[in-house]
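Colleague: What follows is the residue order along each chain.
There are 2 protein chains.
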Amino acid sequence: MNIREEARAMKLAAPKLAASSAEQRNAALAAVAAALDAKRDEIFAANHADMDAAAADGVSGAVMKRLKFDTGKLEDVIKGIQQLITLPDPLNQVTLARELDEGLIMQRITVPIGVIGVIFEARPDALVQISTLCIKSGNCAILKGGKETARTNRVLFETIHAAAVEAGLPAECLLQAELHNEIDELLSCEKDVDLLIPRGSNAFVQYIMNNTKIPVMGHADGVCHIYVYKDADESIAIPVLLDAKTQYTAACNAVETILVHRDIAKNFLPKLAEAFRGADIRLRGTEEAGELLSDSADSSIAGTVGGAVVPEGYEIMQEDEFHREYLELIASVRVVSGVEEAVEHINRFGSHHTDAIITANDETAAYFMQMVDSAGVYRNCSTRFADGFRYGFGAEVGISTSKLHARGPVGLEGLVTYKYEITGAGHIVGDYASGRRQFHFRDL
Amino acid sequence: MNIREEARAMKLAAPKLAASSAEQRNAALAAVAAALDAKRDEIFAANHADMDAAAADGVSGAVMKRLKFDTGKLEDVIKGIQQLITLPDPLNQVTLARELDEGLIMQRITVPIGVIGVIFEARPDALVQISTLCIKSGNCAILKGGKETARTNRVLFETIHAAAVEAGLPAECLLQAELHNEIDELLSCEKDVDLLIPRGSNAFVQYIMNNTKIPVMGHADGVCHIYVYKDADESIAIPVLLDAKTQYTAACNAVETILVHRDIAKNFLPKLAEAFRGADIRLRGTEEAGELLSDSADSSIAGTVGGAVVPEGYEIMQEDEFHREYLELIASVRVVSGVEEAVEHINRFGSHHTDAIITANDETAAYFMQMVDSAGVYRNCSTRFADGFRYGFGAEVGISTSKLHARGPVGLEGLVTYKYEITGAGHIVGDYASGRRQFHFRDL
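Residue numbers (my numbering), protein chains in the order written: chain A, 1 to 444; chain B, 1 to 444.
Okay, chain A solo, but in the shape it has when bound (with noise of 0.2 angstroms):
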C-alpha cells in the first residue's frame, strides 16, 4: 500500500482506537515503556550507526546533538511516558449536557481528532513522545521521521507499534512513513488526515504549510519581543534580556528585537552593550539606537556607518528586516517612544509567539498584555518560559502561533475534539417549526 491508501484505511479504523478505554491505553503506554527499556541494546546500536553515518557526512556538532539518542535521552522519554499515564483520559470528558426538550438530550463529548501526520526533522526523542501522545488521546498517527536518524527511528518505531498492538490497541494505530516522497503523498491526503504537526527549521514548516490542505498545528517562525519601559529594573531586564536570548538561542522562544523606550536609551543602551558583549551577543538595530550606543562611555568601540557614529560591529537595518528571526546570538534594538509605539511594532513584525515587557508599572503592563496579539504576553520574565512543560501541561506536541484550534504551548487538549449526541424519542423538527413543541434548553 502506498501512503494515501494507508491514510485510507488508518482512517476507517481510527473510530476503534477512539473507543479504546482510558485502561486500554494506559496499559499500551505502560507496555511501550517496558518495550522501550527492554530494547536499550538495540536502539542505541541503531543511532551509533546513525551518528556514524552522520560524521562521515560532516554533520555539524550543533545538529549531531539532535540525532544523539542516548541514556538519558532513553530515561527521559521513559519518565515522560509514566507521567502521561497518570494524566486524566482526556477522552469521552461531558462538556455539555443539555435537555432540548422534554425526551430529546444532548451531550457534547471530547473525540479525538482522528489521524494526525507528525512530520519532524532529526530528533529521535520528538518520535517517542508525539507517537505516546497520540496513543494517550486515542489518535492514529503516521510519522515520518528525519533520513538522518532513519535506523534510530525504524527500531523505535517497531518497539512501540509492536508493544501497542501487543497491549490490544489497532494494528493500524500508528503507521512509519520511511521514504522522503512520501511527505508529498502525506501532504496530499486532505480526506483522510485530520491534522498535520511538522517539528523542524522555518523553512521546513513553511514548506508543509504552504504545500497541504490538511490543517497544520505549529509555527513557521518565533520573532520574539522583549520592550523595556521607562520605569524598568535593571536589575530584572538585564539578565531577563541574556536569558531569553541566550539560555537556549536556537528555540523559537528566544527573543530576536529589543525595544527600548526613548527616555531611558541613552543610559540603559550602552548597559545593555556591555552585559551582551560579554556574552558575545552582537547588536544591529536603527541609527537612532546605535548612536545612542556610541555615546557610551566606552568610546573605545566608535566607529562610522554611512553618515551615523555606532558603535564597531554595530549593523544598521533596513525597516523590514525587523521581521527576521536570527536563532542565533544577534539581536535587534529599536528605540520607541512608549508602549503604543512597542505594541505597533510587535504586532507588525512579530510572529504572534511570546512577547515581554518589563516594567513596574502595573496600567503600562495591562495595556501590553491586552493589546499585543500574540500566543502568549508576558510581564518582567523570560520569554522562553513559552513550553508546555513549563506550564505543567506535562508534555507538548509544539507550539501554535495560530488562532484557531490550540494556541501556545499545546498539550493532550489541543489533540482532543467533540461530537455532539443527541437521544431522543421519535422528535421531528417539524413539531418545532409548527409550533406545537417548543425547546426548553435546561442544562444537566
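Bear in mind the hints are in silico, worked out from the structure with no lab data behind them. Ideal Cβ positions, reconstructed from N, Cα and C, are used throughout, including at glycine. Any given hint could be a false lead.
What the hints assert, rightly or not - Simulated coverage check for chain A against chain B, where a stretch passes if three residues somewhere in it have a Cβ under 8 angstroms from a Cβ of chain B:
no.	region
1	13 to 24
2	202 to 214
3	344 to 352
4	395 to 406
5	418 to 431
With chain A fixed as given, assemble chain B onto it according to the hints.
Modeller: Only chain B this time, still in chain A's reference frame:
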C-alpha cells in the same frame, strides 16, 4: 485602499476592538438594532430595487425568497440582536489560572480571533447576523455579500457601521467589500485575516476552501445518513425520515442516504417507498434495495432496469454516487448487514456532518454513536436538529465539519481564542534549567 491594505489596517486596529468593554459592545449592538429599525424604509426600498432587478434577470422563485428582506426578516434580526445583548461576554474569561512558581503567575484568557472575512451568497439577513456576532465577540469583520442584493447589503452595512462607530467602536471594526474581484484579493490576505466564514452553496464553499491559506470555518457538503436498525419502531422511523428529508430539503442537515438493516428490509422498504411517494420523494440505490422494493404488494409500480426487477422511477446507483448531496426530493437507499456495515458506509461516504440511527437497542445505539465520526450523532430523532438555535446557542455563524477549533453548529464560543498571560518578578528559565529553582504548578 485596496482590500489587502484595508485588511492590514484592520489587523493593526483589531486589538483596540478586542480591548473594548462588554458594555461598549452591547451598547453598540443596541445602537445597531435601533438604527436598523429607524432606517427600515430605506432598507426596504433598496431591497425592492434588488428584487426588481433580480426578477428582470429571471432569478428563480426559491432564490428570490432568499433575497427578500421584509418586515418579518427585519424584526427577526432585531430580535436576534436583542438576544445577543443578553448573552454573557465571551471575552476576558479566565479559563486557567496557575502559579508556576512563587511570584510567577499564568492566566489563560479568552480573546477575539481578530479579523474575520465573511463571504456569503444572497440572504441579506446573514450580513446582519454575522456582523453583530462579530461585534459581540470583539472581532473585526470584512463582509462580502452576493451581487443580487448589493443595494440592500450597502444600506444594511452603512447603517450597522455608522451605529457601531457612533457608539464608540473603532472605525475599522467593519468593512464592506463590494466588488467581485475583491473575493480573490481577500482570499490572499493570510497574513492579516485570521478566519474565513463562507456561507453559500457547496461549489461556492469548496471554491473558497481550495483557494486560500486562511483557515476556513464551515462545511462544503452535508451528506447525512439515517440507519434504520432491525428493531426500529416504524412509527418513529417513517416520520423521522420524512422530516429529515422534507422539512427543509435544501438544508445541509437534510438526510441524503437511508441505510436499512437486511433483516427488516423486505418489510420496511415498501412502507418507506409508500410514505416517500406520498411526499414526492424519489428513491435511488443499490440493486438489492430496488429488488426488495419491487416485491412490495403494490406491483403496479414494478419495472425492469438492466437485469434487475425494480419499481418504476427507481434508479440503480453506482457505489461512488453515495457521496452525493441531493438537496432535493431524492434519497439514496442501501441495505446493510448490521451496524458495523452501516458505520463503515457512513464514515466512508458521509461528510462527517450529522448522522442518526433509529433503534430501541441501547448497545447498538452506543456503538453507532461512538463509531460514527461526525460532528453530530443522533438516536431516534431527525438530522434536521443540527442547528445553533436548536442547540440553544442563540445564534450561529454556521456549521463546521472540521475537526479543528469549533465542530458542529458554531456560536459565540467558536469566535474566540485565548492568550496566555504570565507575570513574574524577573524570573528567568536558566534558574530552572540549572535546578536553582523548581516549578510547583499550583492551580489558583
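Colleague: None of the hints should be skipped; say for each whether it holds.
Modeller: Okay, the hints, checked on the actual structure:
no., hint, in the structure
1, 13 to 24, "holds (count 5)"
2, 202 to 214, "holds (count 3)"
3, 344 to 352, "holds (count 3)"
4, 395 to 406, "holds (count 4)"
5, 418 to 431, "holds (count 13)"
In the structure shown, no violation is registered for any of the earlier numbered hints.
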